[in-house]
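Colleague: These protein sequence lines are chains L and G, in that order.
For the first sequence, the working numbering gives the first residue as 48, with consecutive numbering after it.
For the second sequence, the working numbering gives the first residue as 229, with consecutive numbering after it.
No wet-lab data here; the hints were simulated from the structure.
A few of these clues could be false.
Quick list of in silico lysine to any residue cross-link-like pairs, SDA-like style, CA-CA up to 20 Å [as the list claims (entries may be wrong)]:
(1) K379/G - R289/G
(2) K135/L - R289/G
(3) K107/L - G263/G
(4) K135/L - A505/G
Not everything, but these chain L residues come out facing chain G in the computed CB check (under 8 Å) [what the hints assert, rightly or not]:
(5) F80
(6) A83
(7) D112
(8) E118
(9) P123
(10) K130
(11) R145
(12) V147
(13) R148
(14) K151
(15) A155
(16) H159
Positions of the beta carbon are idealized from the N, C-alpha and C atoms, including for glycine.
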Amino acid sequence: MLRLFWSRPSANYAIAESEPSELMSKDEQRDLFPGALEMMILRTLKRQPLHGYALVQHIKRTSNDLLQIEEGSLYPALQRLLKEELVKAEWGISATNRRVRIYKLTPAGTKHLEHEVSRFERMLEGITRVLAPGES
Amino acid sequence: MKWLRQIFSRRRIYGELSDEIRQHLDEKIEELVAGGMSRRDAQAAARREFGNVMLTERDGRAVWRWSWIEDFLSDVRYGLRGLRKNPAFTAIAVLTLALGIGATTAIYSVTYATLLAPLPYPHPDQLVMVWPQFHGRRVWGASAGDFLDWKRQSTVFEDLNATPSQGATFNLATAGHPEHVRAQVALPDHYQMMGVPFLLGRNFLAEEGTAGKEHVVILTYKLWKRLGANSAIVGQQLRMNGELYTVVGVTAPGPLDRIQFDLIVPLVFKPDQINHAYRWLFVMGRLKPGVTLAEAQAEMSVVARRIAQDHPDTNKNWEVSVERLQNDFLPSDTKVSLWLLLGAVGFVLCIACVNVANLLLARSSVRQREVAVRVSLGASRQRIFSQFLTESLVLAVAGGAVGVGLAGALVKVVVALLPEFTLPSEANVRISLAVLLFTVVVSVAAGVLFGCAPAWQASGVDPNRALKGDRAGGGRRRLRQALVVMEFGLALTLLCGAGMALRSFWNLAHVDLGVRTDHILTFTLPVPEERLKQPEQMIAFYRELVAKMRALPGVAAANVATGLPVEGPHRGKQFWIAGTPHVERDARPNAGFQAVTPGYFEAFGIETVKGRAFTEEDRAGGVRVAVVNENFVRRYLPNVDPLTQRIVTENEVPGVQAEQPLVEWQIVGVFRNVRSYGLRDDKVPEMDVPFWQSPWPGVEMAVRAAGDPALLTKSIQEVVSSMESDLPLANVKTMDQIVDDRLAGDRFYTVLNGGFAGLALVLAAVGIYGVMAFAVAQRRHEIGLRLALGAGRNQVMRMVLREGALLALLGMGFGLIGACLVGRVLKNLLYEVAAIDLGVFAGVALTLLIAAVAASYVPAWRAARVDPIVALRYE
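With the rest of the complex left out, here is chain L (with noise of 0.2 Å):
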């Protein structure tokens, strides 16, 4: 139902159909537009430090189930925000005690943030007006 712009060969997560069934198949999963999922990453970052997989499970939990995420495409996102030093990690104690390795929003990753949300939401409000029905 939405595929939003260019579709990038190795991003290796989609977007689910908005009701998901048993038989979809590849072909029907639509790619996330660039940049969208290190959006999502930062946005969670802001509200508190994670750790990857509690990141993952937290975007799929607030999509609610929506947005069906490879987990493993996390981690490359994960590394180009490393790279940019829009996010630090640390290494740490879980709270279910594990070692793990906890991801937390630098000061540049929180401008970046605020940059990608308003530039999304212009976008959006585009796509909207020429989406809705009626007018013109």
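Position chain G relative to chain L; hints supplied.
Modeller: Positioned in the frame of chain L, the structure of chain G alone reads:
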């Protein structure tokens, strides 16, 4: 430097990524197990939800990579491994390339040092030569009057200095025997202006350019070393021509050690030297910062016109040309020769590249399977191409590295072979940084050149066919044949050039010099002007010397002259024929001029074609007589009996640089032309006069020996010493040596060209061998079939040989075009060769054809020995 830190911490980053992913999966599994799933199912589910772990890790790592650089580096590693595994292939390819690159580097180092490198002086662009011009042609000397006016009236120069075009010579008293040294005579500021650094002491002071204070000397580094490298020499006195000179400085090692003179003394203008008539100075200047050559030229043209108005009798129609110092003295022939040599080695390099390309093509067809496997596993055509190209580059760089080593050795050989003073003194031939940079560029270019075709071939492999073992070969073989054709084309061009150089050298070595050169010892007797001032003194001195020498055992004849055959008369003289219309002084013709004793013509076997040679009757006080050569008669006395004519010249007095009274010489004989201005020249008019009528203090002597002339040196030195204790013999050479020295430049050029052509021949032969051997190996099946169907072994052999010869002939056809082009350029540099010398061409073509057939012989023989049964079973 963030990226640098990241590169070095990458191993840790990758490790953390793997750890993290493992932790992720563990946590998921634990959670699913806690939710009641069996561990097995939980593991499968966790993996399913996670996606492809390997791909995820790869993508995660890829974030940190510089992909093309790292692909390149891994290709380099792969290439190096491949080369190590094939030592024979590697050795041949690297050696071939090293020969090409090494030769190119060595010759480039000469070209660079001579033509391209900036002069080794501060702000070299400001240094200019200022030349007088007469009717648009450079005249090799300005008068002192001109120079002083230029200096006074111009504003564009920071400084302007003069040196006599002919340096001075001194007899330097040393601990052992007296040494004959050459000196540059220069105004005090000259070397200061050039920016020549000093090792010890100082430059001349301004006051040392005035009469009475000029007995000071600067030693060049080379003379200082030769005199024992005494670090306390400054302030000490040297005995030169019997007078004492104080050493004020020693120049630092550099250009002055590659120049003809050994020391420098100050130039002091004597009052009678300051005139506009006598032109004897080289003038060098340094432009003020910011002044362009054009501005300087414009101003000097104005100055020249003003001088012409002030001194119409000497300077009418004289102009001035301001030229950059760099390469201003280098004959254009030398420049062209250098570029041609570079072109020749460039050809050798091309042939080497073609050979390596051929080797790589052969190797890549063996590697078809490997490529097919990689293509099947998903490698793109571009990746394969760049991998093969990278391997070629690795090979090229290895070849370049070995080549630089080779070039280092070759440069030493070239410098040793190069006749002295051929290159400008500033040219310091060595493997400099700029030369190394050139080598790197050439190596990479070579790698791309020979790597592209094989890489293209390799990347076009069809995995389907290759994996089935079908060795496709049509296009590939044609490409390899085309390369061999090219190679033979290049080789023919090179060999033709070398053949022409050899032919020219042979012509020169066998040229009729017009003199006998055997059994003659020659030497210079540098008697200082101060020692023999009056003509009577000179005559008396030399009469006695000649008499004493003739009395020596083993001496058949001894003669005195102011020049020598082949070496040339050291002077030229302006003249006109008495009774012809008056010609303005500057426009008078010039002829070689030398004074000789009566036995000179006989001793050298110079034929008198008309009239007579000199006799003892032609002495001072008698009628002034002269003999001229055939060129003189042909050019100036075409329709008259030369023996009725008189020549008018200015008289010449040693040490006087000013206009002199006129004297007339009655022509009494015509002698056969002698090659006196180099072996090539047969056009220069010459007039000789009796030494006893026109004596000179410093002379050349020629002694004809009954036996080995070189053995006479010692007894002659004793005779000279008995008359003049600190007078050295200088330039002691047999006449044969003089001729040999004259050939040095051509020998150098011929040897280098011949060497490169020989290399090209060998490389071309190796190339054709490789192609034919490979073709035979590939066609075993076909050959087996032919043999099985009844073809004779000789027939098969002929087939292979014919193919080899055909390729060579085709290449030579193309080479003919190159040979024509090169021949047209070479013709002007060489002696009496045509642009296309049929003899040379036929010889070269035959040599190449024989090489091709000989190189094809082994493969042909192998083809003939194919066992049909084995060959057919192989399929």
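Colleague: Each hint needs a verdict: does it hold in this structure or not?
Modeller: A quick look at each hint next to the structure:
1. K379/G - R289/G: violated (74 Å)
2. K135/L - R289/G: holds (17 Å)
3. K107/L - G263/G: holds (18 Å)
4. K135/L - A505/G: Answer violated: K135/L to A505/G is near 89 Å, above 20 Å.
5. F80: This interface hint is violated because 18 Å lies over the 8 Å limit.
6. A83: Nearest chain G Cβ about 16 Å off; hint violated.
7. D112: violated (12 Å)
8. E118: It holds, given that the least Cβ distance between E118/L and chain G is near 5 Å, below 8 Å.
9. P123: Result: holds, 4 Å to nearest chain G Cβ.
10. K130: holds (6 Å)
11. R145: Result: holds, 6 Å to nearest chain G Cβ.
12. V147: With a closest approach of 6 Å, the V147/L hint holds.
13. R148: holds (5 Å)
14. K151: Where the cut-off is 8 Å and the nearest Cβ of chain G is about 15 Å from K151/L, the hint is violated.
15. A155: violated (13 Å)
16. H159: violated (16 Å)
Violated hints for the displayed structure, listed by number in ascending order: 1, 4, 5, 6, 7, 14, 15 and 16.
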